[in-house]
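Chains as they are written, first to last, in our numbering: chain V, 1 to 229; chain X, 1 to 399.
Hints are supplied without guarantee of correctness; some may be wrong.
The calculated label-pair distances, taken between Cβ atoms and stated as ranges, are [claimed, not checked]:
no., chain 1, residue 1, chain 2, residue 2, range
1, V, Asp78, X, Phe340, 52 to 58 angstroms
2, X, Phe377, V, Asp72, 36 to 42 angstroms
3, X, Tyr384, V, Ser184, 41 to 47 angstroms
Rather than coming from a laboratory, the hints here were simulated on the basis of the structure.
Glycine included, C-beta positions come from ideal geometry on N, C-alpha and C.
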Amino acid sequence: MVLKAENISRRYFRKTGGANYFFAVRPMSLKIAPGEMTVLTGRSGSGKTTLLSMLSGLLAPSEGSVRIGDTDLYSLDDRTLSRLRSEKIGVVPQGRSAVDTLTVLENILLPAKLYRKPLPEKAASEWMERLGIAQLGEARPAELSGGELRRMAIVRALVQEPEVLFADEPTGDLDDENTRLVLSVLRDYAHDRKKAVFMVTHEDDALLYADRVYRMDGGQITAPAGQEE
Amino acid sequence: MKHFSLPVNNLIRKPGRTTVLALLTAFLALAVFGGSVVVLSLRSGLNSLEARLGADIILVPSQAQSKVSFQNMFLQGTTGAFYMDASVPEKALEVEGVEKAAPQTFLASLKADCCSIKIQVIGIDPERDFTVQPWITRSLTRDLGDMDVAVGCKVEADVGEIIRIYEQRCKVVARLEATGTGLDTAVYCDMNTMNTLLRAAEEKGVSHKIESGDQVISAVYVKVKDGYDIDAVNSRLNGHIRKVTAVRTRSMITGVSDSLAGVSRTVTVLIAAVWVLAFMILLLAFLLIIRERTREFAVLRLAGASRGMLSRMVLAESSLCGLLGGLIGVGLAALLLFPFAQLIESALNLPYLTPKPGTVLLLAAGTVLLSAAVAAFSSVIAAYRLSRVDPGAALREGN
Chain V
1 MVLKAENISR
11 RYFRKTGGAN
21 YFFAVRPMSL
31 KIAPGEMTVL
41 TGRSGSGKTT
51 LLSMLSGLLA
61 PSEGSVRIGD
71 TDLYSLDDRT
81 LSRLRSEKIG
91 VVPQGRSAVD
101 TLTVLENILL
111 PAKLYRKPLP
121 EKAASEWMER
131 LGIAQLGEAR
141 PAELSGGELR
151 RMAIVRALVQ
161 EPEVLFADEP
171 TGDLDDENTR
181 LVLSVLRDYA
191 HDRKKAVFMV
201 THEDDALLYA
211 DRVYRMDGGQ
221 ITAPAGQEE
Chain X
1 MKHFSLPVNN
11 LIRKPGRTTV
21 LALLTAFLAL
31 AVFGGSVVVL
41 SLRSGLNSLE
51 ARLGADIILV
61 PSQAQSKVSF
71 QNMFLQGTTG
81 AFYMDASVPE
91 KALEVEGVEK
101 AAPQTFLASL
111 KADCCSIKIQ
121 VIGIDPERDF
131 TVQPWITRSL
141 TRDLGDMDVA
151 VGCKVEADVG
161 EIIRIYEQRC
171 KVVARLEATG
181 TGLDTAVYCD
191 MNTMNTLLRA
201 AEEKGVSHKI
211 ESGDQVISAV
221 YVKVKDGYDI
231 DAVNSRLNGH
241 IRKVTAVRTR
251 SMITGVSDSL
261 AGVSRTVTVL
271 IAAVWVLAFM
281 ILLLAFLLII
291 RERTREFAVL
301 RLAGASRGML
311 SRMVLAESSL
321 CGLLGGLIGV
331 GLAALLLFPF
341 AQLIESALNL
351 PYLTPKPGTV
361 LLLAAGTVLL
371 SAAVAAFSSV
381 IAAYRLSRVD
391 PGAALREGN
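Chain V on its own, in the form it takes in the complex (with noise of 0.2 angstroms):
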């Protein structure tokens, strides 16, 4: 299922020189195609975060459209985009997201538990196998390492078995390690599972994984030469 955003961009009030707002995202266009894992670059504020939110359905554009298949996500109600999100969009965000109270298995289970789904308890076991906190599962976030945490957050994303996966600096807290493991997981993910990986990071060995590109800078976009749509 495609991905498509058509003429987002994102203004935020601001007094700067002779305007009242600045743009986060200039206006712009873009696809994320199943079976491809596309990574975005970009320097620190250049916008980065602010597009996964839009592109992932969290965050209103201020104009344009993001459609996944052919629903308009922005056209939605709240409950509906929710739902939608919860059953085909998977967000691993930057930082420290776990629910204290809950255990690591909890935690995965979220998304599920949210829509009295049945807990798909197996395909939980089998990521945390996978990436390796098998053995963590009745531990409490707080006990946990930052690395440890950003694979439960990966974990709760795949899953949902979204059709689209969103990872904000997915890698941040990993050693070299399972940076590798995770890179490759996500890789995998997109090319065996024909899903949408879109992955936002500083990391340069990610560009190794990468089926596409994408630099980001001042708030507009730009692909590498041999990659433009």
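Place chain X on chain V using the hints.
Coordinates of chain X only, in the frame set by chain V:
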């Protein structure tokens, strides 16, 4: 793994936060339930006193103690005795507008070897009495026999037990229902038994200032015929019978009623103050919790939770906290109020009758539900703000 309830899970796994919020609500529930029970008990006591007095006018000897001490006999159960001619009821019936006139005779037993307990003994004429007899009939299906006594609920004597009053053996044949007044500490007998006790008391050197023969009475309870002005009949009685003072029962009740209104007002103001204070504190507590829980809600949002789900989760948590607090508050109030009802009664110096269990249960259920509703209401702003968390921004903060 079983499905887990997120609100319940959050409450259980954050015991400190849950305890603080529940205790705040418990404070609220304690004030509401406790205050309401006290006010209801006072109202029940007043109603009971009115029913037990049951007369429009009471005639007492003019030389009897002041009206205040006469009231104290009914309200606090202090013992006392005063006597007048036994012909007063007949004289009262001669007065226009008097429908019934029932005599009662009072005798105070001694705290001495001759008496089992120091108590107020009240003699009634079952044929003429219309105030105490209906009350006795609820506990005793036959008339009081010779040397039979019916005891108020606070008298320490069981049915079948023999109590000694001025060396006379009296058999307890009934325990009467609670009235919440001084009448609960008295013992009731018929006039024959009373005369025997009066003679025995005299033999023990207790003077009764009897003026005419054996027959003495202490008070006459007067019922005024329908359509007659009670004040007018009261004046006629005062003019018609010498050495006797007619007192309107309402004047006795009015003092109690005024005190009750005062206590009710104070309790109501206190409850209102506690509610405002507790509501403000709860509101503040929930707003402070927003800061602590922003990341948690951002994660839930990322996991697919809708805004409505998040709002419902906050409201469910606060309602459960309120329910828990309500139960604790009601339980604490019950522990403080019911075992110490007598202490409260003597501290307030007002008739105090705990409401029926059904009423108390209803009040308790209402208080618990109200506590849950207030807790939920005070978390509405927090629920709204948490449901509008921008997950991306929230999770970036503090990294």
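Checked hints:
no.: 1; hint: V:Asp78 - X:Phe340: 52 to 58 angstroms; result: 54 angstroms, holds
no.: 2; hint: X:Phe377 - V:Asp72: 36 to 42 angstroms; result: 37 angstroms, holds
no.: 3; hint: X:Tyr384 - V:Ser184: 41 to 47 angstroms; result: 43 angstroms, holds
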